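Visitor: Two chains, two frames, a set of hints: combine them into the complex.
In case you want the letters, here they are:
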Amino acid sequence: MHVNPYAVLALVLVLALVYVGGALIAARLFGERGRELARKHQAVECSSTPMGDARIQFKVGYYLFALVFMVFDVEALFLFPAVKALAEGDTDTGILMLEIATFVAVLFLALIYAWRRKVLEWQ
Amino acid sequence: MLSELMAILAPVTVLALGALVCLGAEPFLKDARKHVVLPWVGTVFAVLAALVQFGVAGDAVDLHGLYAADGMRSWLSLTVILCAVIGLSGLQQSLSRDAYPGGEPYALTLLAACGVMLMVAASDYLGLFVGLELASISIYSAVGLRRHRLESGEALLKYFVMGAVFSAVFMYGVALSYGASGSTAYSAVALEGRDALQYLGQTLIVVALLFKVGAVPFHFWAPDAYTGAPVPVTGFMAAVVKIGGFTALGAIWLSRLAVASDGGLAGSVIPLGAHYTVEEMASSGLERGHHILIAAAILSLLVGNFSALGQSTLRRLIAFSSISHAGYMLLAFALPGTVQPVAMTSLWFYLMAYAVASAATMTAATALCGRDDDDRLIDLHGAARRHPMLGVALSILVASMAGLPPTAGFLGKYLIFSELVAKGHVILAVLGMLMAVVGAVYYMRFVIGLWSGDGNRVPVRGLGGLAWASVAVAVVVTVALLAMPGVIIDMPAAPIASTAP
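As given, the protein sequences belong to chains A and B, one line each in that order. Under this note's numbering, think of the first position of the first sequence as -10, with each following residue one higher. Under this note's numbering, think of the first position of the second sequence as 19, with each following residue one higher.
One chain only, chain B, in its complex shape (with noise of 0.2 Å):
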């Protein structure tokens, strides 16, 4: 029992308790120290809290179905601690460069950071609802930071309004399910004759986690939260938020696929890494969510894309493309025509890559914008000339999120594609393949106003020590995955010994 509990809440006690110092620690620093001293502390729970995760990584285990922790799920995990730690060490430049009055910012992050990681260990809806209330309540905040700027306010206002509404659909989904299946585990079956209770709810749920994720038809908070956040708070939130919500969607998905394929896993905790193989595809009603899934994907895909050309701001470049990013990856959720095993590894992968590309690209781009985070792309030409060396880590960065080679973004499209190809669906990984050249052209625009031009307009300031290092970490592994993503994809798929009652 205890070394279950320690397995699974370890890492995020040590961050919460990184964010509490923090917290404590803020009262009694001057201002100008409080950009200085906090980012390293939350940086060094943030990696001692990764050092506890490595060292239980282990057996897959789970806390009375609440909670569960295997191989996928801690490298998730992993994932998100590191992009913690890129969002606190942008936050540090961003809020150092104006003067910020408060280092509560440092502290949210590492909450959100918890909140999140509970949402990847979540094996239960109301488990997942409390680290989805943590993540979410932490973010709106860091979002509305800049209180003097209009538009952080309007994001602020429009965010914590929608999100709240959607929370409320997501409680409401749940107790339908709940109604249905008298449980609130993610691989409850349904009672008998309550069938279609069980799908209201479960449809409810996946409507609230395709807004948390900005899916078109639920994106239009995304553009005026993403703009009104600071910058690297629109990096921070971009990546954590697509991981807590498609890690929850994916895991309800192969909830659903494990319990189709074989009766006898309802209830138990289903690792994130394992395949399944559904023999009667057409009695098991999971065709319906993967129209409403794959709906959803062709949607964002050519909303996403199309929009991201014509915007003009970094912020809202990045929140169009983080749409056409929920669009790929609701791609892996598609099912396949013919009887084959299916996993949600693709999905894993991308969003890792997806995840840590996103998070430094803003945190990198934090140095390069002006005062209060004025980030016009205009502006920005010609600023990867006078710092070389961020302008080569930039131009990795968002390689990856184009999906061009040698980068893990590549790698992810190429996973997602090729399985769509397998399962059968090939207009589809065509469309895909399609939206992913409309996005090159806005990356690449980026990127080649970046190293052109002479834009002095904006006095440019070096990135910090804790950024660099950073920033660099997240080069190496959007690099690395590429060269070893075996670590990944291969992981095996030990069955959870389930302690459920």
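With the rest of the complex left out, here is chain A (with noise of 0.2 Å):
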């Protein structure tokens, strides 16, 4: 039987709709409401009393890291292509390392600017 790939989203979609729908209109018609209470207002935390406000503000220090660490997080991940290729051996061996090694002295600079701009000196 032939049915258009289209289709079967819409019926996804349809279905979705109802089943989260269903739940909510279940939940009203059957659902038992209890009394107001403050703790049902509560932040759920693990059902421990939440201490402090959850809207604090962040340390811009931690974004200066989490930066730096992606240089070496994108180093790690454009590095797999380069050995998987050296690997098969079907790339010339000689420029295979040259490119490697332009690209990591391109991020090994990044490392250094953030080093003697004391990026890496916690304040």
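No lab work stands behind these hints: they were computed from the structure. Hints may contain errors.
Calculated lysine-lysine pairs in the DSS-like style (CA-CA distance at most 30 Å, straight line) [as the list claims (entries may be wrong)]:
no.	chain 1	residue 1	chain 2	residue 2
1	A	Lys48	B	Lys176
2	B	Lys441	A	Lys107
3	A	Lys48	B	Lys48
4	A	Lys107	A	Lys48
Using C-beta positions, here's what the derived DEER-type ranges look like [unchecked claim]:
no.	chain 1	residue 1	chain 2	residue 2	range
5	A	Tyr52	B	Phe72	42 to 48 Å
6	B	Val65	A	Tyr(-5)	20 to 26 Å
7	A	Pro70	B	Ser301	26 to 32 Å
8	A	Thr80	B	Phe72	30 to 36 Å
Since this is a predicted model, take the numbers as computed values, not measurements. Here a beta-carbon is modelled for each residue, glycine too, at the ideal position from N, C-alpha and C.
Guide: Structure below.
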């Protein structure tokens, strides 16, 4: 039987609406309403009483560390295809090593820059 | 293969290397030394890049259909490099005056220039996107340099958020266009029965590029972003963003024309200096694009010119005038009423003349502005009388932007208007000329203000050596382009032997 693939998508969409909408309506119809308690509006904190406000100011230093971390994250990610090409042996090894060295050197420059601008010192 | 790689990417690589050297050396220099050493380092690499660009300019080649090199592209790249040097020297003036604690802006300028050079070389939407983002992200950060100023933060946030949205619009257009044609090349043709999808995708791409060049109705970011940026950055971004955006628009338009004139050209790389004759304009679907672009042109001319009349600071004046220049350049996209060859040569010429003049105007004006680039026009009164040489240079550059002879800007406007008449759009040409008169009013008011009055309110410092040299080169180029326009206009348009699969 030939079915238009978009018809399946539409069916899934309808099912999703029925499922979620049905659950909400059923809860409203059959659900038991208790008294309004202040505890009901508390944040769920593994059944212990939450302390302080959830909206705190985040130290901007974390972002700098995250950015420096990204340098090495991306580096590792991009080295994988190079290693794969090296293992399969259908690329010129010398040129490949040169490319990897250039790539790492450019990223290393970013680390030196961050180092000298005292990004790595916790303030 | 290696020669194509060299011809297309070598100048960009040299410039990128310059940016890396600037960035790597920056933390090792004392704050005061940064503004002495780094602009010169950047300039040396830019000059090297220009020499390499001259050296590799030759036959038209392309790199897997992603990037291409031809005569016109290499002139546009040279213009970008010149604008980068002008921007560097202007930044040196501005940042050293205010003792700015950092040398990163110089690296950002070079990186932005690299991005724009990739945009110029692109012949494929993905290649274009790489350049577009490199240029945009560098320029966002350059716009927000003065972090302690309120309007600087406003400019940065507005430009960044809107720019990110329109980058997404661009990518969505590319995705739709790819879905319609199965290719991301400029000259891709829609598959059977997918013309509507192709049209939708290309409309989104054009809308995103119209945003980048600041054409009405996508111009709302421009006045605020231009006002918040340091004065030299305003000139630099007005110049290079226009080059990048309009080269992309022009190359895409030329590719559509090529495909409409000869179906065999589908998927091949189109040299920018070429001209094509479309026999059956009605069935090509190009007229819909024509209507969009011309409507944007007329709106840009009206909004840009009349808004500029009422401005009281230099950067806002330049912002609205850059919107009006986008209008003039969009007029070059008009299609002829009869069957005749269509080329984009007038656009390329106008683009080069405008870019050099706008970047150099702002670099020269930096010397006249107060601390934190205070640029109220009333404070600039009489500034030229104390620095006559600077006044003469500024007058020539502003005259070029206004389109007065004897400057390249005049010839740019003349080429666009005479082409419009030849294409049969006399009313558009008359509108353009009337708007040029309105433009001349606010440009001349600025120049007359410079030479009259005594306004001693701002202590004027002269230009440094590098800024003098770059402004002088810009003035010479502005006059020389009028004297020898044939170098660019009469360029032979050799077809690119496509190596695309």
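Visitor: Next, verify each hint and record whether it holds.
Guide: Hints, one by one, checked against the model:
1. A:Lys48 x B:Lys176: Given that 30 Å is the threshold and the Cα spacing comes to 25 Å, the pair holds.
2. B:Lys441 x A:Lys107: violated, 61 Å
3. A:Lys48 x B:Lys48: With Cα atoms ~28 Å apart, A:Lys48 and B:Lys48 stay inside 30 Å; holds.
4. A:Lys107 x A:Lys48: holds, 16 Å
5. A:Tyr52 x B:Phe72: 42 to 48 Å: At roughly 43 Å between Cβ atoms, B:Phe72 and A:Tyr52 fall inside 42 to 48 Å, so the hint holds.
6. B:Val65 x A:Tyr(-5): 20 to 26 Å: violated, 58 Å
7. A:Pro70 x B:Ser301: 26 to 32 Å: The hint (26 to 32 Å, Cβ to Cβ) is violated, given that A:Pro70 and B:Ser301 are roughly 46 Å apart.
8. A:Thr80 x B:Phe72: 30 to 36 Å: Hint holds: Cβ distance 33 Å, inside 30 to 36 Å.
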